[in-house]
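Undergrad: Here is how the chains run, residue by residue.
2 protein chains.
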Amino acid sequence: MGRKIIIVGGVAGGATAAARLRRLSEEDQIIMIERGEYISFANCGLPYYIGEVITDREALLVQTVEGMSNKFNLDIRNLSEAIEVNREKKTIKIKNLNTGEVYEESYDKLILSPGAKPIVPPFEGIAEAEHLFTLRTVPDTDQIKRWVDEQHPKEAVVIGGGFIGLEMAENLNHRGIKVTIVELGNQVMSPVDYEMAALINQELKANDVDLIFEDGVKAFQDKGKTIQLQSGRKLNSDLTIMSIGVQPDSELAQNANLSLGSRGGILVNEQLQTEDESIYAIGDAIEVKDYIQQTPAMIPLAWPANRQGRLVADHINGRSISYEGTLGTSVAQVFDLTVAATGNNEKLLKSLNKNYEAIHVHPASNASYYPGGSPVSLKLLFDSDTGAILGAQGVGYKGVEKRIDVIATAIKGKLNVRDLADLELAYAPPYSSAKDPVNMAGYVAANVLDSEMNIIHYHHVSDIVDKGELLIDVREPRERDGGMIDGSINIPLGELRARLNELPDDRHIYVHCQVGLRGYLASTILKNNGYQTSNLSGGYKTYQAATQKS
Amino acid sequence: MGRKIIIVGGVAGGATAAARLRRLSEEDQIIMIERGEYISFANCGLPYYIGEVITDREALLVQTVEGMSNKFNLDIRNLSEAIEVNREKKTIKIKNLNTGEVYEESYDKLILSPGAKPIVPPFEGIAEAEHLFTLRTVPDTDQIKRWVDEQHPKEAVVIGGGFIGLEMAENLNHRGIKVTIVELGNQVMSPVDYEMAALINQELKANDVDLIFEDGVKAFQDKGKTIQLQSGRKLNSDLTIMSIGVQPDSELAQNANLSLGSRGGILVNEQLQTEDESIYAIGDAIEVKDYIQQTPAMIPLAWPANRQGRLVADHINGRSISYEGTLGTSVAQVFDLTVAATGNNEKLLKSLNKNYEAIHVHPASNASYYPGGSPVSLKLLFDSDTGAILGAQGVGYKGVEKRIDVIATAIKGKLNVRDLADLELAYAPPYSSAKDPVNMAGYVAANVLDSEMNIIHYHHVSDIVDKGELLIDVREPRERDGGMIDGSINIPLGELRARLNELPDDRHIYVHCQVGLRGYLASTILKNNGYQTSNLSGGYKTYQAATQKS
Ligand SMILES: Cc1cc2nc3c(=O)[nH]c(=O)nc-3n(C[C@H](O)[C@H](O)[C@H](O)COP(=O)(O)OP(=O)(O)OC[C@H]3O[C@@H](n4cnc5c(N)ncnc54)[C@H](O)[C@@H]3O)c2cc1C
Ligand SMILES: Cc1cc2nc3c(=O)[nH]c(=O)nc-3n(C[C@H](O)[C@H](O)[C@H](O)COP(=O)(O)OP(=O)(O)OC[C@H]3O[C@@H](n4cnc5c(N)ncnc54)[C@H](O)[C@@H]3O)c2cc1C
Ligand SMILES: CC(C)(COP(=O)(O)OP(=O)(O)OC[C@H]1O[C@@H](n2cnc3c(N)ncnc32)[C@H](O)[C@@H]1OP(=O)(O)O)[C@@H](O)C(=O)NCCC(=O)NCCS
Ligand SMILES: CC(C)(COP(=O)(O)OP(=O)(O)OC[C@H]1O[C@@H](n2cnc3c(N)ncnc32)[C@H](O)[C@@H]1OP(=O)(O)O)[C@@H](O)C(=O)NCCC(=O)NCCS
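Chains A and B, in that order, give the protein sequences. For the record, in the first sequence the residue sitting at position 153 is 153 according to full-length UniProt numbering, with numbers rising by one throughout. For the record, in the second sequence the residue sitting at position 433 is 433 according to full-length UniProt numbering, with numbers rising by one throughout.
Some hints here could point you the wrong way.
Pairs count within a copy or across copies, as identical chains cannot be separated in the list.
Derived lysine to any residue pairs resembling SDA-like cross-links, with alpha carbons at most 20 Å apart [as the list claims (entries may be wrong)]: (1) 435 with 325; (2) 414 with 384; (3) 527 with 479; (4) 234 with 498; (5) 225 with 126; (6) 71 with 24; (7) 527 with 25; (8) 467 with 259; (9) 354 with 295.
Honestly, the hints are just simulated from the structure, not real lab data. Note that the coordinates shown come from a computational prediction; the quantities given were computed from them, not determined experimentally.
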């Protein structure tokens, strides 16, 4: 006879676990408990249904209760909430949300995949706010879409500039609504660093989305029609989306005396078991280890939930598994722009006091002579001693997520930045260059590691200029018309060798160009002529993005 | 004082070596000898200029003689041919093709990057053929384009279905010319295997390109206006492109008594030195080692030429280098389709008698509920004992090269197929699925490796049917209307559990579906009920492509 396995939560982690459990055994009794009406739905597609990019609501329902029950011979109970776990008796109390009935089921194994819920702080006036929404479920989606369809809001305020906030901003914009994003921090998309996020600001503004940084909600007034910010500023809103982040839905676990991490995530071992070895927990609800640093982390994304769902099914069926942590590879579309990241960002590395360095490049997504290419801005973070890859970020219009996926793979392969130069990536003019952007990032990082090139960063520039240091812009004069660093002097790269006599040989020479390449060429000429030099990483492009007024 | 370094060949390998040599030393005298008028041009863009996808001829000239001389302080001599190397004296004879003058230069280091030349067999009548072209250089391109612009050919014949042949077919088609491809083998695009190449045939035919397989040129008649094939068939041609492959341009090396491999490639060590340690050779002209098997290989692609160019510059400047072989990652656009490959294909593995297995999957390029996705057909080859990844091939309309790049990176990271399941790749609905196609390929391969699923391949089907074995099609009845395997019986997946009693328990049960997934689900149900089963890899889709009439 088979075992009795109960799964709490029927979407990303839960449904995947159920499917794999059945594939591994026809005998086990598998019960999937889901609070909502829908199971196995496309959380990640919800914003696009509101924006009418996805027009077929059915398409969001990857599996139906009936279809999945049948296909996998599961006992699926939707509109049913798990309300209490009794670890001693190995039973769980379930409330039928249709009838209110509460009943008990025993289990041999219990899998918790309850996900996370949007954070909603108790702002003044929030209870009265009438058109304030969060987005997590299909009913949330239906509500927001109905509001848009029926009330024709003109102005929307999105609170929080994370990926759900940005996706909602874009999709509301598609519906003809003027959107303002309010963000407490100084940037959108926290997985990437400030200067990379700055490239997104331009895209948002170009699409008529307003951005307010370093300001937060103080109160909702007039039934939510007026949002008062901490700065005193007031915003009109016909529709407000609260998307400042999520917190693990870990109450059930907590009430069962299972330990939680400091941010509320259920604690599990590498086999994804809680303290109680009969109880597994996966997905957004758990605390994971950061793959690179092995420090605690909360990474609420679909890949980890799906992966963990399969792994626990394997473990329950006697296969040995080990979940080594989450890298946090992520991507978001922001209008025509793509933003992607993997591994650690600079903010984290700095806070952990790590010995790291970062480089920036802006190579073309494909051969520059072939139409349709555009720059891929890449930031690569690595250990300054060993060259181990710590993380990468990309922003651009084409081929961005490809490069991040390649670097994510390189990290799992324990390659270092030098090895990136050796990656043999597919090249034909429509797709890449003979030296792929990832190769290029590897070359540049290796040059820094080997001290073939010294670099400074955008945030060092003002100091250098203030101190009256020598900063040479090696671009062509006409490029300076489009913007330049005050205090820099211009010697185009092509003239540098002939004008070396103009340079003092007792001073460090800082150079920069548009993206970093010519600055590097200049720095090699200077270095090989005996000068001390440094080149501005990412050139004027990174500097300009990071220092523009928002 | 610096050394004197001479480079023969001024395009991919040669120009890259020159640039890096200069970055590493301001002192060395660097002379670059190029037979043609142009250096550093975009070989790979040439077909697209003929097709007017690239409209600006200047864009093909990545660097000009003047610009590059200036930027890198090089002595560049175009229209100059290296005609003899004297290894004893360390001199090279150079012929000025403008004046006919021959002179000698001494060298400390010599780098040969002479590339390859199109193979043109001595077919009957070829000398008289008037509009027969090969494509390697800018002048070749100008000639072909002029012929198209001025003669308005109606029918073109492309001889050879490799990537240059296919790119020419597409670009001539863009110019309104009816194209027929004649290919001696039984498939186009030899880097991929037969059943994968079959997917390309459909795209070619849909774009009105005719395909003739297993037939070759016998003679050119009527000044090349009639091409007689070996089969006796005759083709009209107003324009003929000969693109049956290239051979190393290794005469200079051979005359200098440097050893060549069996296919004419210059032999080098891991430091890319020929037998003469002062003479390096790189690019299309050399024999490399296959990265995976470490067997001799000829892989005339731009990435290796560029990479090797940089490496020799490093070695000449005292850095230690080691070129470990070429993986042969490649990609081509064929109309709207992308075809990409990395590592070994099945043909090679079979010829080497390796213990390998292959799996096929056809997952969607991005979340199926998000518009714009389409299937990525992936073939993954791996060692049947260890699970080591041996190669991969992809065909599809979107996201193909990304998956091949990821697998190429995984190979360099020495990951095995199981590790592919653990790759944490960027997911949002426009880009991928929570289980990326690469994860999926990894899952499927691991299932085969672990005997969770037995598979058969498309080429086993006719035998199975002929022997009267039991082959169950688990698709829905209406799917069979679109095509089915004669001899299969239909039990839709959803009915399988209820109809197990219809199945004999003493026979092996073969199952198939459309792409392999439902066949797998069926096979797990059967297996877990005690049956012996095998699933058709890649399902009806792979079978149908491979068995269609061309
Ligand atoms: C709008 C939106 C867009 C997103 N976009 C992306 C994206 O592009 N890429 C990406 O990687 N990730 C994205 N995510 C995140 C991704 O959807 C989650 O990481 C993933 O769904 C987590 O899986 P899970 O199984 O942990 O939780 P969920 O998928 O949320 O499933 C948990 C389920 O458990 C149920 N439940 C909770 N408690 C109980 C209980 N006591 N009893 C019964 N049922 C219970 C809940 O009702 C819920 O349905 C997005 C999320 C949202 C909301
Ligand atoms: C039409 C076309 C499309 C292609 N598309 C792709 C693609 O999409 N992707 C890809 O990876 N690769 C592609 N390639 C292949 C790629 O261009 C080559 O692999 C690469 O250029 C090889 O570099 P190389 O330095 O060895 O040779 P080349 O780039 O060919 O340079 C060799 C140069 O040496 C010169 N030379 C030879 N002998 C002498 C001598 N004795 N004296 C002076 N000069 C000499 C030649 O004139 C030539 O200019 C394509 C090639 C062609 C022709
Ligand atoms: C054009 C050509 C001469 C360029 O050679 P190159 O200078 O080595 O290559 P790139 O211009 O791409 O620059 C690469 C260098 O810039 C550096 N670099 C690139 N971006 C940088 C940035 N943002 N900041 C700092 N350095 C940067 C790299 O580290 C590398 O330097 P390194 O080799 O010393 O480490 C050569 O590639 C060529 O002739 N190409 C055309 C022919 C060809 O390849 N044909 C086949 C394909 S169509
Ligand atoms: C739909 C859902 C139930 C599917 O779970 P699943 O069955 O594990 O996943 P898939 O349908 O992708 O199938 C994967 C299985 O098919 C196998 N497979 C896939 N393609 C195959 C092929 N061509 N041939 C053979 N097997 C194949 C894989 O090996 C895997 O099986 P395994 O885990 O036993 O190795 C679950 O993913 C889900 O609910 N998703 C929606 C919710 C969600 O993820 N939300 C967040 C993102 S929007």
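Undergrad: Determine for every hint whether it applies to the structure shown.
TA: To see whether the hints hold, each was checked on the structure:
1. Proximity of residue 435 to residue 325 under the C-alpha cut-off of 20 Å is restricted to the inter-copy arrangement: shortest distance 17 Å between copies versus 32 Å within a copy.
2. Taking the shortest alpha-carbon separations for residue 414 and residue 384, only the intra-copy value of 16 Å comes in at or below 20 Å, while the best inter-copy value is 24 Å.
3. Taking identical chains as interchangeable, the C-alpha atoms of residue 527 and residue 479 are never at most 20 Å apart, the minima being 25 Å within one chain and 68 Å between chains.
4. In this homomeric assembly, residue 234 and residue 498 never come within 20 Å of each other (Cα to Cα): the closest approach is 59 Å inside a single copy and 64 Å across copies.
5. Only within a single protomer do residue 225 and residue 126 lie at most 20 Å apart by alpha-carbon distance; the minimum there is 11 Å, versus 82 Å between protomers.
6. Within a single copy, residue 71 and residue 24 get their C-alpha atoms as close as 14 Å, which meets the 20 Å cut-off; across copies the closest is 64 Å, which misses it.
7. Proximity of residue 527 and residue 25 under a CA criterion of 20 Å is satisfied inter-copy only: 9 Å between copies versus 67 Å inside one chain copy.
8. When the C-alpha separation of residue 467 and residue 259 is checked against a cutoff of 20 Å, the pair qualifies neither within a copy, at 53 Å, nor between copies, at 60 Å.
9. Taking CA atoms no more than 20 Å apart as the test, residue 354 paired with residue 295 passes inside one copy only; the shortest distance there is 13 Å, against 43 Å between copies.
In this structure, the hints that do not hold are numbers 3, 4, 8, in rising order.
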